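Trainee: Put together the whole structure using the sequences plus the hints.
2 protein chains.
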Amino acid sequence: MQSFEVDKKDFLRIKTALEGDDAELELVLKEYHPSEIAILFEKLEPEERERIINILPSDLGSEVIAEMDEEHRPGELLINLDPEKRSEIVEELDYDDATDIISQLEEHEQREILEDLDHEDASNIRHLLSYDENTAGGLMNPQLLCVNVNSNKKEALDEIIRQSEEMEEFYTIYVVDEYDVLKGVVSIKDIIKAHADVKIKDIYKDDPIFVKADLDQEEVAKLISQYNLTTIPVVDDEMRLIGRITVDDIIDVMEQENTEDLLKISGVSEDEELSGNWLEAVKSRLPWLIINLATGFLAAGVVRHFPTVQVAIPAIVAYMTIVTGMGGNAATQALAVTVRRISLSDLTDNQAYRTVLKEFSVGMINGAVNGIIVGAFALFYDGSAMMGLVLFLAMTGNLIVAGLTGAGIPLILKRLGIDPAVASSIIITTFTDCAGFWLSLWLATNLLLHH
Amino acid sequence: MQSFEVDKKDFLRIKTALEGDDAELELVLKEYHPSEIAILFEKLEPEERERIINILPSDLGSEVIAEMDEEHRPGELLINLDPEKRSEIVEELDYDDATDIISQLEEHEQREILEDLDHEDASNIRHLLSYDENTAGGLMNPQLLCVNVNSNKKEALDEIIRQSEEMEEFYTIYVVDEYDVLKGVVSIKDIIKAHADVKIKDIYKDDPIFVKADLDQEEVAKLISQYNLTTIPVVDDEMRLIGRITVDDIIDVMEQENTEDLLKISGVSEDEELSGNWLEAVKSRLPWLIINLATGFLAAGVVRHFPTVQVAIPAIVAYMTIVTGMGGNAATQALAVTVRRISLSDLTDNQAYRTVLKEFSVGMINGAVNGIIVGAFALFYDGSAMMGLVLFLAMTGNLIVAGLTGAGIPLILKRLGIDPAVASSIIITTFTDCAGFWLSLWLATNLLLHH
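Residue numbers (the UniProt record's numbering), protein chains in the order written: chain A, 1 to 451; chain B, 1 to 451.
Quick caveat, the hints were computed from the structure, so don't treat them as lab data.
Check each hint, because a few of them may be wrong.
Repeated chains share a single entry, so a pair holds when one copy, or any two copies, can fit it.
[To be verified] In silico DSSO-like pairs for lysine-lysine, Cα to Cα no more than 30 Å straight-line:
(1) Lys205 <-> Lys222
(2) Lys8 <-> Lys222
(3) Lys414 <-> Lys264
(4) Lys154 <-> Lys15
(5) Lys283 <-> Lys43
(6) Lys414 <-> Lys8
This one's a predicted model, so the numbers in the text were calculated from it and none came from an experiment.
Mentor: Encoded structure:
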């Protein structure tokens with residue numbers, strides 16, 4: 001297949017085919033990969049999605065549903081199918097995907113789906129539903145390939161072929177003992193090359209990297225990325241192998257964590273769905289705006305503290321808005337760099353100290369450069385060298401505050417065990433707003449008004 | 001191995017061992033995975049890194065260097081090793097990793113390293129160096145497993161075992177014809193299960209997903225993530241198989257793209273290194289701050305346009321800073337959600353229209369709620385119902401502007417083929433600053449001053 005992305009043309013083709021009969025629609029659908037149909041689904045109505053799933057063979061239909069983005073509610077699509085088709089599709093799904101989709105539904109809907117499944121599938125999915133979805137247990141798939149450490153070449157190969165019947169792909173062959181305790185991994189290449197009388201225990205690699213089922217998914221992602229793994233085994237408290245997590249699931253976790261970081265730093269609740277409706281957006285953002293309003297009153301209080309200078313020298317009002325605006329943006333810059341750096345690796349105390357020192361220097365230099373520009377403007381436009389000096393000092397001072405808080409506050413939060421991305425721009429700009437107004441008005445009062 | 005991350009304790013252990021002799025150091029190093037040593041390297045001095053690489057066997061040393069973060073300059077470490085050790089390490093590296101590291105060096109340093117390598121390695125690396133590092137060609141590894149479409153079971157298995165000698169892991173076995181043209185993939189399971197007289201052409205899966213060598217790495221990442229691939233084949237213009245890209249390299253690309261998005265949206269140049277020094281940071285951020293200064297003058301110009309009202313009703317000055325501050329943060333919220341949404345999937349015109357409409361509604365509601373709060377405050381604190389009305393209207397209006405620009409501008413940029421993350425908070429807040437000041441002062445002039 002040529003590698004391409006679906007575009008408007010494909011969407012129009014599907015839309016046209018949806019107006020025709022089932023045979024015609026089936027012909028058109030055949031030309032698309034399930035992932036592509038999943039993308040086209042985003043732009044279709046629920047009834048249209050349902051019709052397409054009913055037309056597709058169950059194996060393809062299940063791939064489409066597995067590929068659908070969580071926010072397009074594959075669970076709702078599933079629950080609306082007729083029970084027979086639904087069971088066929090769930091049985092085709094990998095257990096981890098089936099669990100993700102079913103977990104979105106209400107409990108009575110979950111029961112309805114599980115009741116129709118065969119006993120083994122139902123109990124596997126029920127077991128997976130018991131894990132927190134943000135942990136290794138919630139990500140893992142219990143279907144994996146494992147051989148007994150005491151088996152010989154033929155036994156191992158037979159076992160691999162038997163187990164792999166139910167799996168599309170396998171990456172790693174795990175080695176366990178008779179109690180299912182994880183011992184290590186073995187490569188298919190080494191099994192094939194081995195003599196007939198060699199046992200797995202002679203050729204396997206021990207000391208494997210593994211995770212416990214309750215480990216947070218973000219930590220799992222860090223391990224997989226750090227050790228360049230394709231798959232990682234999941235064990236219970238007795239070191240028994242209970243599942244594996246593959247790198248493709250981790251990619252979704254990483255995208256999700258990156259979305260949350262960007263939202264948090266921008267003062268949006270991390271669980272706002274990107275394509276959610278206005279009501280969800282209001283619920284997610286209003287609390288942050290109200291916090292911002294409180295901090296805004298704080299900054300406005302600083303302004304109200306200097307009524308005389310504003311009346312005596314009105315120009316300072318316009319200039320102070322420049323000083324605070326610049327501070328806010330410089331703080332956002334320092335914040336973004338620091339938060340991202342923390343999220344990619346932990347910093348030592350020494351590195352943290354040097355980061356704050358660096359942002360202090362950056363703030364001083366950027367502040368001085370911009371302070372000279374705005375100061376020179378005041379000198380020529382308002383004809384006041386003293387106003388120029390006030391603005392130069394206020395700008396430099398406020399950009400130093402911006403650097404110190406933009407870098408320092410997320411680092412302090414991290415040390416306190418709080419997510420540093422919570423130091424959103426809303427929190428940081430409180431400091432630069434207050435400092436910007438105070439520096440501008442205090443300096444103007446003392447250097448312009450009283451002289 | 002227990003799955004853990006290196007911490008301060010490990011760092012202190014290495015530091016202490018570095019004070020002892022080589023034998024002692026070697027013993028301590030043996031307890032760490034190469035990925036862990038690479039992380040510890042971040043906190044060591046260049047001479048200490050060199051000493052450790054010299055002590056480690058070349059296969060482990062090469063893994064450490066491959067795992068080092070680009071910003072800690074593995075290339076410089078390599079060039080400073082003595083030539084024999086250096087060649088041993090480069091020969092142990094995968095070609096794609098070797099190319100990444102060598103590409104960081106000056107041309108004469110690259111020549112110096114390549115001259116010492118054997119002919120095949122040198123020419124492979126030279127070839128890979130010719131691709132743009134941000135394309136599929138720059139990411140791919142020419143080492144892969146492929147079998148001829150006309151080979152039989154025994155030939156294929158022999159070939160697989162022979163080729164896999166040089167590879168740590170293989171995921172996919174590619175099928176090519178006699179001209180190296182990519183035909184498809186075949187699973188090791190199907191080869192093992194096949195009868196002796198079966199040929200690959202009877203069991204392989206055709207129509208594979210592939211990329212051309214010049215495809216942008218971000219597009220490669222999207223394909224791999226979209227189709228849940230572990231590896232993707234790279235072909236030249238004649239469809240000849242020239243390499244493969246594995247998902248672990250894509251994880252690094254994704255982290256890099258996510259870093260760039262967060263930096264751009266925060267008004268930081270996308271290529272600022274997170275742990276770069278103050279000079280790099282100034283170079284990367286000062287241009288954006290100067291743009292911000294220009295837009296700040298614009299907003300200050302709006303303020304200067306209404307001198308009378310500020311003197312007559314000084315309270316409006318403090319209040320207008322609240323209105324603009326809230327607008328800036330509401331715009332940042334809408335911007336973050338929209339930019340992230342665009343970067344995860346393309347929006348149809350209809351979806352784009354509905355997004356802007358949604359942000360309009362969100363802005364109106366959040367504006368009204370916050371407008372009521374600040375208006376009520378003005379009513380009680382300043383005893384002026386009219387001031388309350390001015391602030392209610394200005395706040396609502398400005399948060400509508402925030403929603404419209406925060407969502408609308410990145411969508412328009414995307415339509416124009418410009419990276420939507422360039423609509424950084426600096427650009428967006430220009431609109432809310434100007435609108436916030438203008439609405440506050442114009443309404444105050446007309447409702448408070450002239451009545």
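Trainee: Now look at each hint and say whether the structure bears it out.
Mentor: So, going through the hints one by one against the coordinates:
| no. | hint | verdict |
| --- | --- | --- |
| 1 | Lys205 <-> Lys222 | within (23 Å within a copy, 34 Å between copies) |
| 2 | Lys8 <-> Lys222 | between (37 Å within a copy, 18 Å between copies) |
| 3 | Lys414 <-> Lys264 | both (15 Å within a copy, 23 Å between copies) |
| 4 | Lys154 <-> Lys15 | neither (53 Å within a copy, 49 Å between copies) |
| 5 | Lys283 <-> Lys43 | within (25 Å within a copy, 43 Å between copies) |
| 6 | Lys414 <-> Lys8 | between (45 Å within a copy, 15 Å between copies) |
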